[in-house]
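Undergrad: The residues making up each chain are set out below.
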Amino acid sequence: MYKVLLFDGGVYRVNELYELVEDVGGFIIQKTQTHVQILVTLAIPEEEKDVIERKSQELGAKLTEIPLGGTEIAVVAPTLGRHHMPHPVCDIAEHLRRYGAITVVMGLARGKGRKSAQISAEEKALINEYDAAVFVLGNFEDCIKTEKVRLFEDIKVPVVVACGPSIDALPNCKAIVSGVCRRVERMRRAEDIAKLEEVAEKVSKVIEERRRIIDEDPLFVHPAEVRQRIETLPVVQKSLRPAPIVLHLDGLRVKIPYYEWKDQLESIEVYGRKLREIAELSDSRLDGSTLIRIYSASKVESMNQLGSVNSLGDRSAASAKE
Amino acid sequence: MIVKVEGPEEFGNESYVELFNSILLDIGITRHVEAVRFVIRPSDPLFLISVKTRKAAGKIRINEIAEISQSKEGTYINITDENYAPSLMSLLWQLYGRERIEQLSRLEIFCKGIDEKEISEIAIDRGEELRKKVLDALWRVLPEGFKIRYDLSSENVITILATEYEMKEEWKRLAEKAHADMEALDVQSASL
Chain A
1 MYKVLLFDGG VYRVNELYEL VEDVGGFIIQ KTQTHVQILV TLAIPEEEKD
51 VIERKSQELG AKLTEIPLGG TEIAVVAPTL GRHHMPHPVC DIAEHLRRYG
101 AITVVMGLAR GKGRKSAQIS AEEKALINEY DAAVFVLGNF EDCIKTEKVR
151 LFEDIKVPVV VACGPSIDAL PNCKAIVSGV CRRVERMRRA EDIAKLEEVA
201 EKVSKVIEER RRIIDEDPLF VHPAEVRQRI ETLPVVQKSL RPAPIVLHLD
251 GLRVKIPYYE WKDQLESIEV YGRKLREIAE LSDSRLDGST LIRIYSASKV
301 ESMNQLGSVN SLGDRSAASA KE
Chain B
1001 MIVKVEGPEE FGNESYVELF NSILLDIGIT RHVEAVRFVI RPSDPLFLIS
1051 VKTRKAAGKI RINEIAEISQ SKEGTYINIT DENYAPSLMS LLWQLYGRER
1101 IEQLSRLEIF CKGIDEKEIS EIAIDRGEEL RKKVLDALWR VLPEGFKIRY
1151 DLSSENVITI LATEYEMKEE WKRLAEKAHA DMEALDVQSA SL
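In order, the protein sequence lines correspond to chains A and B.
Throughout the first sequence, residue numbering follows my numbering, covering 1 to 322 in sequence.
Throughout the second sequence, residue numbering follows my numbering, covering 1001 to 1192 in sequence.
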């Protein structure tokens, strides 16, 4: 399994790190350089962490593990009105970013109220594009247990709930953090920071579990490798959107319009195959973006076999005609 | 401030009190609120809040908060107490319309074609100001989805009952009783 690490050091001899990462079968996810300092997010096989640690020490850099690196997480609130906890929602989103995730804050269109709280199919589909969702709910147990559970009924990605009362378990929910309630100020006190840590810890666990599941039937290529190839497209290089390519656990989101660029994207070569042969490309519900879900190695293999059987069948049919 | 919360869940009750306190602090009227009573029943659903405020000091004349000077075209007002600036502006707009009231800078106002005498008779009702602020606090604390409301208001007490779909008569009676209790409350000697 891959570990995502953050290298915080100088640019001097940093090429040695890049080479080492490549040698151990890892990838560079992101580089952010400011003057002579550089932040490198890298993914390496779990067992090679020691080698990278030694190299970082040699280069005088700091190496930290970012458990949510290479993930995109949705933080969902019933609405974005000031009654619905914009402060905890933003603080949670901000704190998850410190753990390496790209976070998106979402307010539901009709999420207010008790019985009238709704989530549309479109909203559910949008949340399903992310790696996990954190739902930030209210103060009353009865309200959450009887009504609000409907909000994450058909969500396929893991759901973490942050709410006020202490609740042991909820259906369709992987983890619960209690003690996060409506307030009119930022979560700045020591106990608030501890709560934010708890949210990050639970989300990290959920993501770790999902990584392990994916690892049981590994992807044909790591999303970071596809990213390296997509980055070369001029339209991506010219993109002014923040983070034009976002990594997911099982693929990536490229912030260029699908219908305009699908042919170019599909024909990108990855290890001698076209991208369309190893991944499913679709129009993202996030405006002007393309979603890429990479197939597992076994699926690509079985598609290959199916392809060769079909072509054999075609050939024999053609010879029979002759 | 006397606080009473009736609700089935301890956590929810406490967090609403904390929320209301922070909102009052935010708006700056903590000292003006004498008593508050919440009735929260999530299963109905019903949310009632009744607030008793201190008696606000009467009206304040414009001369106490601003300097007035007459010119050929009209009257200049130079506000000396900034706290009253927004309410004075809105009062002037209300009385003379936006065309005749010009805000020259943050604290300077020019009233076109209006006599100094007329301006000097203007007075701001401090009670009304406090009332607006209390209403703002209540609006902030009420659950967003509870759009069906029944409100009662008297000189020092405001009561709002909110629910989601249907307002029942018995709930209205409850609100009326809560309002009357709050009006009769003697803050010095009693508790809710």
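Calculated from the structure, these hints are not laboratory results.
Treat the hints loosely; a few may be bogus.
Said to hold, decoys possible - With a cut-off of at most 25 Å between alpha-carbon atoms, the simulated DMTMM-like pairs for lysine to aspartate or glutamate come out as follows:
| hint | chain 1 | residue 1 | chain 2 | residue 2 |
| --- | --- | --- | --- | --- |
| 1 | B | 1168 | A | 141 |
| 2 | B | 1004 | A | 58 |
| 3 | A | 115 | B | 1151 |
| 4 | A | 3 | B | 1144 |
| 5 | A | 145 | B | 1014 |
| 6 | B | 1147 | A | 209 |
| 7 | A | 115 | B | 1064 |
| 8 | A | 115 | B | 1164 |
| 9 | B | 1168 | A | 209 |
| 10 | A | 115 | B | 1099 |
| 11 | B | 1133 | A | 142 |
| 12 | A | 145 | B | 1151 |
| 13 | A | 145 | B | 1144 |
| 14 | A | 145 | B | 1009 |
| 15 | B | 1172 | A | 142 |
| 16 | A | 115 | B | 1183 |
| 17 | B | 1132 | A | 142 |
| 18 | A | 174 | B | 1136 |
| 19 | A | 49 | A | 185 |
| 20 | A | 115 | B | 1073 |
| 21 | A | 115 | B | 1044 |
| 22 | A | 115 | B | 1026 |
| 23 | A | 124 | B | 1151 |
| 24 | B | 1004 | A | 141 |
| 25 | B | 1168 | A | 142 |
| 26 | A | 145 | B | 1166 |
| 27 | A | 115 | B | 1034 |
| 28 | A | 115 | B | 1170 |
| 29 | A | 145 | B | 1169 |
| 30 | A | 115 | B | 1115 |
| 31 | B | 1177 | A | 209 |
| 32 | A | 145 | B | 1044 |
As the list claims (entries may be wrong) - Here are some, though not all, of the chain B residues that point toward chain A, as calculated from beta-carbon distances under 7 Å:
| hint | residue |
| --- | --- |
| 33 | 1011 |
| 34 | 1014 |
| 35 | 1083 |
| 36 | 1125 |
| 37 | 1127 |
| 38 | 1145 |
Note that CB positions come from ideal geometry on N, CA and C, so glycine has one too.
Undergrad: Next, verify each hint and record whether it holds.
TA: Verification of the supplied hints:
no.: 1; hint: B:1168 to A:141; result: holds (24 Å)
no.: 2; hint: B:1004 to A:58; result: violated (63 Å)
no.: 3; hint: A:115 to B:1151; result: holds (22 Å)
no.: 4; hint: A:3 to B:1144; result: violated (43 Å)
no.: 5; hint: A:145 to B:1014; result: holds (19 Å)
no.: 6; hint: B:1147 to A:209; result: violated (42 Å)
no.: 7; hint: A:115 to B:1064; result: violated (52 Å)
no.: 8; hint: A:115 to B:1164; result: holds (8 Å)
no.: 9; hint: B:1168 to A:209; result: violated (49 Å)
no.: 10; hint: A:115 to B:1099; result: violated (47 Å)
no.: 11; hint: B:1133 to A:142; result: violated (32 Å)
no.: 12; hint: A:145 to B:1151; result: violated (30 Å)
no.: 13; hint: A:145 to B:1144; result: holds (19 Å)
no.: 14; hint: A:145 to B:1009; result: holds (13 Å)
no.: 15; hint: B:1172 to A:142; result: holds (23 Å)
no.: 16; hint: A:115 to B:1183; result: violated (33 Å)
no.: 17; hint: B:1132 to A:142; result: violated (33 Å)
no.: 18; hint: A:174 to B:1136; result: violated (38 Å)
no.: 19; hint: A:49 to A:185; result: violated (40 Å)
no.: 20; hint: A:115 to B:1073; result: violated (60 Å)
no.: 21; hint: A:115 to B:1044; result: holds (10 Å)
no.: 22; hint: A:115 to B:1026; result: violated (30 Å)
no.: 23; hint: A:124 to B:1151; result: violated (37 Å)
no.: 24; hint: B:1004 to A:141; result: holds (20 Å)
no.: 25; hint: B:1168 to A:142; result: holds (21 Å)
no.: 26; hint: A:145 to B:1166; result: holds (22 Å)
no.: 27; hint: A:115 to B:1034; result: violated (34 Å)
no.: 28; hint: A:115 to B:1170; result: holds (21 Å)
no.: 29; hint: A:145 to B:1169; result: violated (28 Å)
no.: 30; hint: A:115 to B:1115; result: violated (57 Å)
no.: 31; hint: B:1177 to A:209; result: violated (55 Å)
no.: 32; hint: A:145 to B:1044; result: holds (15 Å)
no.: 33; hint: 1011; result: holds (5 Å)
no.: 34; hint: 1014; result: violated (9 Å)
no.: 35; hint: 1083; result: violated (22 Å)
no.: 36; hint: 1125; result: violated (28 Å)
no.: 37; hint: 1127; result: violated (25 Å)
no.: 38; hint: 1145; result: holds (2 Å)
Going through the hint list in order, the structure does not satisfy hints 2, 4, 6, 7, 9, 10, 11, 12, 16, 17, 18, 19, 20, 22, 23, 27, 29, 30, 31, 34, 35, 36, 37.
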